[in-house]
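All chains, please: the whole structure from these sequences, using the hints.
2 protein chains.
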Amino acid sequence: MSLIRDLSLQAAKAARKLAVLDTDRKDRVLRDMAKAIRANEEHILKANLVDLDNAKQAQLSDAMMDRLTLNTQRIEDMAVGIETIVSLADPVGIQRELGQRPNGLEISKMRVPLGVVCMIYEARPNVTADAGALCFKSGNAVILRGGKEALASSKAISEILQNVLVEHDLPAELITVVPNPDRKLMQELLEQRDFIDVVIPRGGEGLINYVTENSKIPVIQHFKGVCHLYIDADADFETAIQLLINGKTQRTGVCNAIEGLIVHKDIAAQILPIVSDVLLRHSVTINACERSSEHIASCNVIAESDFGEEYLDLEIAVKTVDSMDDALDHIARFGSNHTEVICTQNDVTAKRFQRSVDASVVMVNASSRFSDGSQLGLGAEIGIATTKLHAYGPMGLESLTTEKYLVNGNGQIRA
Amino acid sequence: MSLIRDLSLQAAKAARKLAVLDTDRKDRVLRDMAKAIRANEEHILKANLVDLDNAKQAQLSDAMMDRLTLNTQRIEDMAVGIETIVSLADPVGIQRELGQRPNGLEISKMRVPLGVVCMIYEARPNVTADAGALCFKSGNAVILRGGKEALASSKAISEILQNVLVEHDLPAELITVVPNPDRKLMQELLEQRDFIDVVIPRGGEGLINYVTENSKIPVIQHFKGVCHLYIDADADFETAIQLLINGKTQRTGVCNAIEGLIVHKDIAAQILPIVSDVLLRHSVTINACERSSEHIASCNVIAESDFGEEYLDLEIAVKTVDSMDDALDHIARFGSNHTEVICTQNDVTAKRFQRSVDASVVMVNASSRFSDGSQLGLGAEIGIATTKLHAYGPMGLESLTTEKYLVNGNGQIRA
Numbered sequence: 001m002s003l004i005r006d007l008s009l010q011a012a013k014a015a016r017k018l019a020v021l022d023t024d025r026k027d028r029v030l031r032d033m034a035k036a037i038r039a040n041e042e043h044i045l046k047a048n049l050v051d052l053d054n055a056k057q058a059q060l061s062d063a064m065m066d067r068l069t070l071n072t073q074r075i076e077d078m079a080v081g082i083e084t085i086v087s088l089a090d091p092v093g094i095q096r097e098l099g100q101r102p103n104g105l106e107i108s109k110m111r112v113p114l115g116v117v118c119m120i121y122e123a124r125p126n127v128t129a130d131a132g133a134l135c136f137k138s139g140n141a142v143i144l145r146g147g148k149e150a151l152a153s154s155k156a157i158s159e160i161l162q163n164v165l166v167e168h169d170l171p172a173e174l175i176t177v178v179p180n181p182d183r184k185l186m187q188e189l190l191e192q193r194d195f196i197d198v199v200i201p202r203g204g205e206g207l208i209n210y211v212t213e214n215s216k217i218p219v220i221q222h223f224k225g226v227c228h229l230y231i232d233a234d235a236d237f238e239t240a241i242q243l244l245i246n247g248k249t250q251r252t253g254v255c256n257a258i259e260g261l262i263v264h265k266d267i268a269a270q271i272l273p274i275v276s277d278v279l280l281r282h283s284v285t286i287n288a289c290e291r292s293s294e295h296i297a298s299c300n301v302i303a304e305s306d307f308g309e310e311y312l313d314l315e316i317a318v319k320t321v322d323s324m325d326d327a328l329d330h331i332a333r334f335g336s337n338h339t340e341v342i343c344t345q346n347d348v349t350a351k352r353f354q355r356s357v358d359a360s361v362v363m364v365n366a367s368s369r370f371s372d373g374s375q376l377g378l379g380a381e382i383g384i385a386t387t388k389l390h391a392y393g394p395m396g397l398e399s400l401t402t403e404k405y406l407v408n409g410n411g412q413i414r415a
Numbered sequence: 416m417s418l419i420r421d422l423s424l425q426a427a428k429a430a431r432k433l434a435v436l437d438t439d440r441k442d443r444v445l446r447d448m449a450k451a452i453r454a455n456e457e458h459i460l461k462a463n464l465v466d467l468d469n470a471k472q473a474q475l476s477d478a479m480m481d482r483l484t485l486n487t488q489r490i491e492d493m494a495v496g497i498e499t500i501v502s503l504a505d506p507v508g509i510q511r512e513l514g515q516r517p518n519g520l521e522i523s524k525m526r527v528p529l530g531v532v533c534m535i536y537e538a539r540p541n542v543t544a545d546a547g548a549l550c551f552k553s554g555n556a557v558i559l560r561g562g563k564e565a566l567a568s569s570k571a572i573s574e575i576l577q578n579v580l581v582e583h584d585l586p587a588e589l590i591t592v593v594p595n596p597d598r599k600l601m602q603e604l605l606e607q608r609d610f611i612d613v614v615i616p617r618g619g620e621g622l623i624n625y626v627t628e629n630s631k632i633p634v635i636q637h638f639k640g641v642c643h644l645y646i647d648a649d650a651d652f653e654t655a656i657q658l659l660i661n662g663k664t665q666r667t668g669v670c671n672a673i674e675g676l677i678v679h680k681d682i683a684a685q686i687l688p689i690v691s692d693v694l695l696r697h698s699v700t701i702n703a704c705e706r707s708s709e710h711i712a713s714c715n716v717i718a719e720s721d722f723g724e725e726y727l728d729l730e731i732a733v734k735t736v737d738s739m740d741d742a743l744d745h746i747a748r749f750g751s752n753h754t755e756v757i758c759t760q761n762d763v764t765a766k767r768f769q770r771s772v773d774a775s776v777v778m779v780n781a782s783s784r785f786s787d788g789s790q791l792g793l794g795a796e797i798g799i800a801t802t803k804l805h806a807y808g809p810m811g812l813e814s815l816t817t818e819k820y821l822v823n824g825n826g827q828i829r830a
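These protein sequences, in sequence, are chains R and A. Per my numbering, residue 1 is the first one in the first sequence, and the count goes up by one each step. Per my numbering, residue 416 is the first one in the second sequence, and the count goes up by one each step.
In short, the hints are calculated from the structure, not lab data. Please note: incorrect hints may appear among the correct ones.
[Stated by the list, open to error] With a Cα cut of at most 16 Å, we get these calculated EDC-like pairs of lysine to aspartate or glutamate:
no., chain 1, residue 1, chain 2, residue 2
1, A, LYS428, A, ASP609
2, A, LYS639, A, ASP787
3, A, LYS428, R, ASP325
4, R, LYS17, A, ASP744
What you are looking at is a predicted structure, and each value in this text was computed from that prediction instead of being measured.
Okay, structure coming up:
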């Protein structure tokens, strides 16, 4: 049996044992994992140095080097992250009644783990601890296939977690790091649908497309974030400007940043000069439709087909619309189902916007930057799904489970 | 633009209109659809004759001819099926509160349609009406790609439903039948991930494997049903025998029939002679492990590797085990995650079985034949999922929806 098939099979076997473990036992293991991460700081830093040396030789970008680098604070963050997961409610075993059938059968649903989760990610050693702990708490085995740049760090972290598993009489195979970042092995991994229940890629669009195109296992996808702020005719201007500046400039390289501003025509002449002023003061490049450009001090006039760009930078597209329906059409055409925001004081308008917009997170009078698992109260986050099947939006523990039916009778047979 | 890409795009556009329609309006449309099906009985039967003539020339099997044939009763059943869907609760718009964050943001989730559902099925004209109505009620556009054998009937049915849509000022593209059963067009359909949100194949293993291997869109799979009945040491014998006979013989060609019997060793010597007697009287061929065979009047002795067969016939595998844990291992190895049944009077044992078995439906003292959407109270059923992502087990209206996050604030920005 090949290495990949064998490790997938072992993970599936291990998952069966974990599926029936009670919450207290899982939490005890997690607390020991956090302790072990702290106790082995030096060991992790030593492994991280190997990755950093290789990265220097490979002349990786500063951003990549930064993501790769561990230090005392970041290792402490990992441990705290695991402790946060201890504090989250365990979704496994939660039962909801669906009622009694006329023949007396009692029907209910029970939440159960998915089984084996495969995470495919880039050079972020902290994902190894985060995903390992999230999958463990939700009763899943996890196979971690990280970028080659972080391999030594990931192995060190996973070995520490595995040692804790073994101390608690649990199979080490509950947390497996693919020991070789070869693409051929990744392809083989994506074919193990007998053993792996879901693949979650985290990283750039290239990686996600590769996994989607090649996987025989269901994939939960996280594509780009083209998020809009729609300033309604009934908006409070001060709030609108705050949401705009926070959404566009607080951090630019993230998927929940604002990339498009939509303004209702009734207020365009009043608010756009303020928008223009404040964006230019924040060094934001403005790309505007012709109608908007009349009220903006300095901008590029762009065509309809130029909208929908994910700038990930101090740059924004501005569009004036005749009505909220036109704003909804614009979002349907150019949005990416990630996060959309309306600024309005009108409750009816707000409700209609929230009901109508097809995005994983729809906000009223709040910054798009809150679209994130920990900000929404999920605790740690395993990813953000921008496709709708199984999970939509920030994914917490519950997204790593499914429900089975329970049927209880006293000998009923079908006529 | 190609035919397939265009019809997928049109379906996605139409879906946006349906997503915000309220329940009353949807129910009025559905009632008119049921009426229209009844009023156009002759038209449907005429189209069905075309399919039946072609089928005779192609010398299709009797079973296939039967599935293909419509008559007054079956058309009435279709209309009643649609009316049943009217009576089901609409999952769309249901909101659940997740609480308030320390910064005052109110977080909730709202159930929304998936968008566009693509059904791929074989020669069953009734699926056109069932799936059309289920998708409509759950707010989804549907693209129906049925087998070529039922094409004329499916077209006639979908045209009737489309006329009702148009009378209600709704886009006909909410229910689209792919006009050409060419495999190349099906392949193209499976690539429309910009417009189609989920593919649900219904039919034989060949079809399901083809769709799974070739789809770029998430697929909800329904593989085979290898269901077991486990008779525990604490079982009531009379109940056990009833469940066995009903599960094995009431209908044999279905996925929720019993294919394997597992017996606890402590009662094997008492119950197996009764099992043997009653199965043989029902002309069931018995394939047994060596240990079981000692108590069975007439059987084939089979090896461990011969278990796990989906007989779909009057045939069964019988295994004696030392403990419930061994029964659980047997099910994990040979079951197909469909339906598993325990017969026991011991509540602790029953609970442990239900918690431990990884199957979409786990029953205590009830016939496996109840594993079906309408028997479990879901109303009509769009399929049964034996994979765990998104849906697991019989799929009703709720399985055709997902949840988005709603965030309500009063100007909160992220620090």
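CA of LYS639(A) to CA of ASP787(A), is that 16 Å or under?
It holds: about 14 Å lies between the C-alpha atoms, which stays within 16 Å.
What's the verdict on LYS428(A) and ASP325(R), does the C-alpha distance respect the 16 Å limit or exceed it?
14 Å, holds
Straight-line Cα separation of LYS428(A) and ASP609(A) no greater than 16 Å?
12 Å, holds
Proposed proximity, ASP744(A) with LYS17(R) (alpha carbon, max 16 Å)
11 Å, holds
Hint compliance for this structure: every hint is met.
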